[in-house]
Amino acid sequence: MNVFFYIAAIVALISSVLTITRHNAIHALLYLILSLLSISVIFYLLGAPFIAALEIIIYAGAIMVLFIFVIMMLNIGMEEKIEKGWMKPRMWILPSILALIILIDLVSMLYQRSGVEVTGKIISPKQIGLSLFTTYLMVVELSAILLLAGIIGAYHLGRQKKKVIHRYLKD
Amino acid sequence: MISISMDLQLALAVLLFLIGLIGLLVRRNVVFMLMSIEIMLNSAGLAFIIAGSHWIQTDGQVMFIFILAVAAAEVSVGLALILQMHHHFRTLDVDALNKLRK
Amino acid sequence: MAVNIGVIPALPLLAFIILVLFGGQLKKKLTALTGVVFTAISALITIIIGIQYISTILPSGGNISSKLWQWFSAGGFVADVALRLDALSLVFCFVITFVGFLILLYSVEFMAGDEGYSRFFAYMNLFIGSMLILVLADNLLLLYLGWEAVGLCSYLLIGFWYRDPVNITAANKAFIVTRIGDTAMIIGLFLLVFNFNTLNIQELLTKAPIKWAQGSPVAIAAALLLLGGALGKSAQFPLQTWLPDAMAGPSPVSALIHAATMVTAGVYLIARTHVLFELAPMVQTLVAVIGAVTLLIAGFSALTQHDLKRILAYSTISQIGYMFLALGVGAWQAGIFHFMIHAFFKALLFLAGGAVILLLHEEHDIFKMGGLKRIMPVVFFTFFVGSASLSALPIVTAGFYSKDAILWYSFSSSNGNTWLWVAGIVGAFITALYSFRLIFMVFYGEAKILPSRPAGNLIKVPLIILAILSVIGGFIEFSLPVGHLHLFSSLLSKILPPTILIRDDSSEPLFQIISSIISLLGVYLAYLLFLKKIPLAEKLSNEKIAGFFYRGWGFDWFYDHAFTKPYVWLAKINKNDFTDYFNKGLAQLTLLFNRSLGTTQNGKLRFYIMAITIGIALILTYMMQI
Chain Z
1 MNVFFYIAAI VALISSVLTI TRHNAIHALL YLILSLLSIS VIFYLLGAPF
51 IAALEIIIYA GAIMVLFIFV IMMLNIGMEE KIEKGWMKPR MWILPSILAL
101 IILIDLVSML YQRSGVEVTG KIISPKQIGL SLFTTYLMVV ELSAILLLAG
151 IIGAYHLGRQ KKKVIHRYLK D
Chain B
1 MISISMDLQL ALAVLLFLIG LIGLLVRRNV VFMLMSIEIM LNSAGLAFII
51 AGSHWIQTDG QVMFIFILAV AAAEVSVGLA LILQMHHHFR TLDVDALNKL
101 RK
Chain F
1 MAVNIGVIPA LPLLAFIILV LFGGQLKKKL TALTGVVFTA ISALITIIIG
51 IQYISTILPS GGNISSKLWQ WFSAGGFVAD VALRLDALSL VFCFVITFVG
101 FLILLYSVEF MAGDEGYSRF FAYMNLFIGS MLILVLADNL LLLYLGWEAV
151 GLCSYLLIGF WYRDPVNITA ANKAFIVTRI GDTAMIIGLF LLVFNFNTLN
201 IQELLTKAPI KWAQGSPVAI AAALLLLGGA LGKSAQFPLQ TWLPDAMAGP
251 SPVSALIHAA TMVTAGVYLI ARTHVLFELA PMVQTLVAVI GAVTLLIAGF
301 SALTQHDLKR ILAYSTISQI GYMFLALGVG AWQAGIFHFM IHAFFKALLF
351 LAGGAVILLL HEEHDIFKMG GLKRIMPVVF FTFFVGSASL SALPIVTAGF
401 YSKDAILWYS FSSSNGNTWL WVAGIVGAFI TALYSFRLIF MVFYGEAKIL
451 PSRPAGNLIK VPLIILAILS VIGGFIEFSL PVGHLHLFSS LLSKILPPTI
501 LIRDDSSEPL FQIISSIISL LGVYLAYLLF LKKIPLAEKL SNEKIAGFFY
551 RGWGFDWFYD HAFTKPYVWL AKINKNDFTD YFNKGLAQLT LLFNRSLGTT
601 QNGKLRFYIM AITIGIALIL TYMMQI
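Chains as they are written, first to last, in the working numbering: chain Z, 1 to 171; chain B, 1 to 102; chain F, 1 to 626.
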């Protein structure tokens, strides 16, 4: 069973890398969806089947679709030349160095603890539901408010006001 | 079911996070930056699930649900902003936002 | 009633704080009330404590001390904030608070139209509080604190109308010249600390004769340095140049600071530390000589001035010369007596003169005035009484008794000298001459400018009170052939030693008659020259000499060329020395930091993200080290 984990992990990594390096936005999005799917597999292996399902339904199914809609609305998939112009190889140097530094820091911090194993015992949705609505009730309400704010913000910001020219100025 | 050391799994989460970070730093197109942010959020959620699975408690998964909610709200608002930006500046270059300063 | 004597200086200082904090918001009447009432209460307390002190404590030879708190203690040297009231400081306190109160009352009307009303009262109260600290201090360090504070107040008040650069220049000049004296004084204080490890006055006065032989170089040095401080503050030769220019301040300021109190701080210092001066007889003689020289210089200069206030300023310098003369010949009590009487009549003269100037639309030139005798009768009468006291007209005025005592002692005391007496007599003649010149020019003759309005009560009442004091003040200490009454000197006798005479008392009446005749002669000459205007005036006046006297005997010119111009030249050629590089470099470094930090606020989003990431990397690396 461990091998599935490794496969899913490698797929996730490669697709993430491919996401950030593509010029075409739709291609990048599709790779991102692939990454999300493999992470969902990892979730399942870790004993969180409910979360795995949620990841696919909400994240890959709703959020990414939203992305695709907007990109298609903006019609930017064809501007590859501009993207190529912006992504010169030398731009990768400094971010890579910084990421490397942070990687070394974090990983060395991780490996200071002795290897603890994760068994992957399944936690059922029932337990999660109980936990959500008893212990973490307040946070549920807060996230509801957050989503409300998101809705209102998105509606307001997404409006396109039409310019109204007075009929005397129209010529 | 599986028995992999937690460090390795957390290292995976760290790697994903850093890939997202590199993507954020390198790209100039706003949509790609938003995508990189999604990768980072996802990796943070992965870290939470790993921790919850280690303690065999529901807390990690509950946290992930909230992260999901946050990501959803953030993406919707962010994309709305991108639409506005495109409407104003006719480009998706993040450096065009510098003009906002003047 | 047992009140801590610390209350006496505390009340005016409290008024200062109130006026500084709230002065801008208070209504005019409340400002005036605050400005006057605290000092009035102080005066009342002084009088009450004084009466108690004289009746109960003094006969047993005691004093009232009050240690408020310890200021600091460093390496064996302890300085306290402690006050001590004895007869000498009582006299000074009375003059400061009472005359101060009258002057503040006068200022309520005098400064009524001024926009800096609350600022004025704040500074005046600060001054009165500081001067009280100066005279009540029981150690020389606290005295020096009061000394510097009154110097500051003098600067602030001379430059009160700061918008006119002339006033600022005058204030700077006063401060810088007195600074020279203050520097000498602080070196003297260092010398005393070095020798005695204390600056407590009583301890010094008992320890000094034990440790220092009379005439030893150390004693001479200490006395000389303290004398330097006194010269600066009291505007004596050679540091007298600042006082005439200090008349740029308002008249109440001139009355309080530059007539009655601050300029007498030097007199107080010398009287207080008289033991040190007695240990250095050479310096004491120097004090007398300086007094005599100054009174002559100032007297001759006063004779040629046109500006009413400058005449009075030179007159002040001259009268303080008399006080120094008295202290120098060992007539301690006579000198302090003259201080008190002088405070009364000189404050009166400044206040009355100020009223004249104010009501004649700020006209200062006496040759443009005239005929005010009928128009401003109260002012005229009080001014006349004040001038009479200044000229020491015989028997009726207080000035007669005080100045006459000085003249007598300058001749007859063990430190005295005939030449000093001659100088004093000539000075008395000149005094009478210039003061009545002033009266005849301003109040007699025909009216050239008419006053805008009559003087109000707040101006008249202090004038009348001071006029009364200028007359009756002398009656507590006179020695006429008809009787002797020595209330004042017996008051001070425990503090200041009596004068040692080498000639006996019997020739005193002769000298009194001589000085009376000389003063009256001076008045008569003034009458002839300025009222009847006999042609002798043109023959006597010589343009060059008059001009020389007018410019203060050329001291300003001399100091300007000997000290100021070379110093300014040096400063010019030294403009870009290396300390400037240091200062400029500091400024440029700051600018550099500013610009480089400014570039981080460039509004570029990707720059910010990169900065955040670098920050994360650094912090994580740092955390990893720990």
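Hints listed in this document are in silico derivations from the structure and should not be mistaken for laboratory results.
What you are looking at is a predicted structure, and each value in this text was computed from that prediction instead of being measured.
Any given hint might turn out to be false.
When the alpha-carbon atoms are kept at most 30 Å apart in a straight line, the in silico DSS-like pairs for lysine-lysine are as follows [claimed, not checked]:
#1 F:Lys373 with Z:Lys161
#2 F:Lys460 with F:Lys448
#3 F:Lys572 with F:Lys584
#4 F:Lys544 with F:Lys368
#5 Z:Lys88 with F:Lys604
#6 F:Lys532 with F:Lys373
#7 F:Lys533 with F:Lys368
#8 F:Lys28 with F:Lys460
#9 B:Lys99 with Z:Lys126
#10 Z:Lys161 with B:Lys99
#11 F:Lys211 with F:Lys494
#12 F:Lys494 with F:Lys67
#13 F:Lys448 with F:Lys572
#14 B:Lys99 with F:Lys604
#15 F:Lys67 with F:Lys211
Here is how each hint holds up against the structure:
1. F:Lys373 with Z:Lys161: Judged against 30 Å, a Cα distance of about 89 Å means the pair is violated.
2. F:Lys460 with F:Lys448: Roughly 23 Å between the alpha carbons, so the hint for Lys460 (chain F) and Lys448 (chain F) holds.
3. F:Lys572 with F:Lys584: holds, 17 Å
4. F:Lys544 with F:Lys368: holds, 23 Å
5. Z:Lys88 with F:Lys604: holds, 19 Å
6. F:Lys532 with F:Lys373: holds, 16 Å
7. F:Lys533 with F:Lys368: Holds, because 16 Å separates the two Cα atoms, which is no more than 30 Å.
8. F:Lys28 with F:Lys460: holds, 21 Å
9. B:Lys99 with Z:Lys126: violated, 52 Å
10. Z:Lys161 with B:Lys99: Within the cut-off at roughly 21 Å; holds.
11. F:Lys211 with F:Lys494: With Cα atoms ~23 Å apart, Lys211 (chain F) and Lys494 (chain F) stay inside 30 Å; holds.
12. F:Lys494 with F:Lys67: holds, 22 Å
13. F:Lys448 with F:Lys572: violated, 49 Å
14. B:Lys99 with F:Lys604: Status holds; Cα separation ~9 Å.
15. F:Lys67 with F:Lys211: Holds, at about 27 Å.
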